[in-house]
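**Q** Using the sequences and the accompanying hints, generate a full structural model.
Per this note's numbering, numbering of the sequence shown is gapless, rising by one per residue and ending at 133.
Calculated directly from the structure, the hints in this document are not laboratory data.
All C-beta atoms, glycine included, are put in the ideal place defined by N, C-alpha and C.
One should not assume that every hint holds.
Distance windows between CB atoms, simulated [what the hints assert, rightly or not]:
| hint | residue 1 | residue 2 | range |
| --- | --- | --- | --- |
| 1 | ALA75 | LEU126 | 38 to 48 Å |
| 2 | THR48 | ARG129 | 15 to 25 Å |
| 3 | PRO110 | GLY87 | 18 to 28 Å |
| 4 | ARG50 | ILE121 | 33 to 43 Å |
| 5 | ARG129 | SER90 | 16 to 26 Å |
| 6 | GLU96 | ALA132 | 52 to 62 Å |
| 7 | ARG131 | GLY62 | 30 to 40 Å |
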Amino acid sequence: MRGAIAALAMAGLLDLTALAQAPAATAALAAPTGNAPRGKTLFETTLRCYACHGFDAQTGSPRLVPMMRPEAAFLAYVRKPATQGMPSFADAQERDLLDVYAYIRSIPQAAPPVDSLPILKGILDRRSRAN
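**A** Take a look at the structure:
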């Protein structure tokens, strides 16, 4: 019985994770036109976006994944940011910025931490107390 409950809980977690990784707004975005592998290199070395946004674009501030901006809005923002903390990339080649956008869009969203899912946390807590 416990195995069946654990299996159902895990299946529910996988369903929740899938929903979190594929928000409806992202599905409406057009496919990026840039080169994601090249964008990764630019993100990590040339433009050094990782310094603020983390290597996975999910641990810095602000998080970039999931990327909810359309390509044109992303280009406009990085060329003329609305916040002082974001440097301007007005002089960057458009192709470079399109490649960075493609890279960001290619990054899968990380699964939420177990502690943030009360149902799963409760099951695991009960299981650890039983053992």
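**Q** Which hint numbers doesn't this structure obey?
**A** 2 and 5
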